[in-house]
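Engineer: Under this note's numbering, the first residue of the sequence shown is numbered 1, with each subsequent residue one higher.
I should point out that these hints are in silico values taken from the structure, not numbers from a laboratory. Here the structure is a predicted model, which means the values were calculated and not measured. Treat each hint with caution, since some may be false.
[Claimed, not checked] Simulated crosslink set (EDC-like; lysine to aspartate or glutamate; CA at most 20 Å straight-line):
| hint | residue 1 | residue 2 |
| --- | --- | --- |
| 1 | 25 | 2 |
| 2 | 25 | 37 |
| 3 | 25 | 58 |
| 4 | 25 | 48 |
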Amino acid sequence: RERIHRLEDKVRRRVHIGGYITLRKLLDELVALGEPEALVMRALCALDAQGEFQLRRERSVVYR
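Taking the hints into account, I'd like the entire structure generated from these sequences.
Structural biologist: Below, the structure is given as C-alpha coordinates:
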(Lines of atoms letter the chains of each structure in order from A and count residues from 1; the text may use other names and numbers.)
(Lines give C-alpha, C1' and ligand atoms only; values in the text may rest on other atoms or scores of the structure.)
Protein backbone atom coordinates (compact mmCIF):
# COMPACT_ATOMS: atom_id res chain seq x y z
CA ARG A 1 0.00 0.00 0.00
CA GLU A 2 2.83 2.39 0.87
CA ARG A 3 4.52 1.71 -2.46
CA ILE A 4 1.32 2.45 -4.38
CA HIS A 5 0.98 5.81 -2.58
CA ARG A 6 4.57 6.60 -3.54
CA LEU A 7 3.81 5.74 -7.17
CA GLU A 8 0.68 7.92 -7.09
CA ASP A 9 2.86 10.83 -5.96
CA LYS A 10 5.33 10.18 -8.79
CA VAL A 11 2.52 10.18 -11.34
CA ARG A 12 1.07 13.40 -9.90
CA ARG A 13 4.48 15.07 -10.19
CA ARG A 14 4.95 13.81 -13.76
CA VAL A 15 1.58 14.96 -15.18
CA HIS A 16 0.64 18.59 -14.52
CA ILE A 17 -2.96 19.66 -13.96
CA GLY A 18 -4.72 19.85 -17.31
CA GLY A 19 -1.98 17.82 -18.97
CA TYR A 20 -1.83 14.39 -20.51
CA ILE A 21 0.70 11.71 -21.41
CA THR A 22 0.44 8.42 -23.26
CA LEU A 23 0.16 5.43 -21.00
CA ARG A 24 3.07 3.67 -22.73
CA LYS A 25 5.43 6.62 -22.20
CA LEU A 26 4.47 6.94 -18.52
CA LEU A 27 4.92 3.20 -17.97
CA ASP A 28 8.29 3.21 -19.74
CA GLU A 29 9.54 6.12 -17.62
CA LEU A 30 8.48 4.57 -14.32
CA VAL A 31 9.73 1.09 -15.23
CA ALA A 32 13.09 2.66 -16.13
CA LEU A 33 13.17 4.02 -12.57
CA GLY A 34 12.77 0.46 -11.28
CA GLU A 35 9.03 0.33 -10.57
CA PRO A 36 7.07 -2.81 -11.51
CA GLU A 37 4.62 -2.25 -14.35
CA ALA A 38 1.79 -4.02 -12.51
CA LEU A 39 2.10 -1.67 -9.52
CA VAL A 40 2.16 1.37 -11.80
CA MET A 41 -1.08 0.21 -13.43
CA ARG A 42 -2.62 -0.41 -10.01
CA ALA A 43 -1.68 3.13 -8.92
CA LEU A 44 -3.16 4.59 -12.13
CA CYS A 45 -6.39 2.66 -11.64
CA ALA A 46 -6.58 3.96 -8.06
CA LEU A 47 -6.06 7.55 -9.24
CA ASP A 48 -8.73 7.02 -11.91
CA ALA A 49 -11.16 5.68 -9.31
CA GLN A 50 -10.48 8.69 -7.06
CA GLY A 51 -11.29 11.01 -9.96
CA GLU A 52 -7.88 12.72 -10.06
CA PHE A 53 -6.94 11.23 -13.43
CA GLN A 54 -8.84 9.87 -16.41
CA LEU A 55 -7.78 7.01 -18.63
CA ARG A 56 -9.08 7.94 -22.10
CA ARG A 57 -8.87 6.62 -25.66
CA GLU A 58 -9.22 2.98 -24.69
CA ARG A 59 -6.83 3.50 -21.75
CA SER A 60 -3.99 4.68 -23.99
CA VAL A 61 -3.86 8.30 -22.73
CA VAL A 62 -3.71 9.51 -19.11
CA TYR A 63 -5.35 12.90 -18.46
CA ARG A 64 -5.15 14.88 -15.24
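Engineer: Now tell me if each hint is right for this structure.
Structural biologist: To see whether the hints hold, each was checked on the structure:
| no. | hint | result |
| --- | --- | --- |
| 1 | 25 - 2 | violated (24 Å) |
| 2 | 25 - 37 | holds (12 Å) |
| 3 | 25 - 58 | holds (15 Å) |
| 4 | 25 - 48 | holds (18 Å) |
In this structure, only the earlier hint numbered 1 is contradicted, and the remaining ones agree with it.
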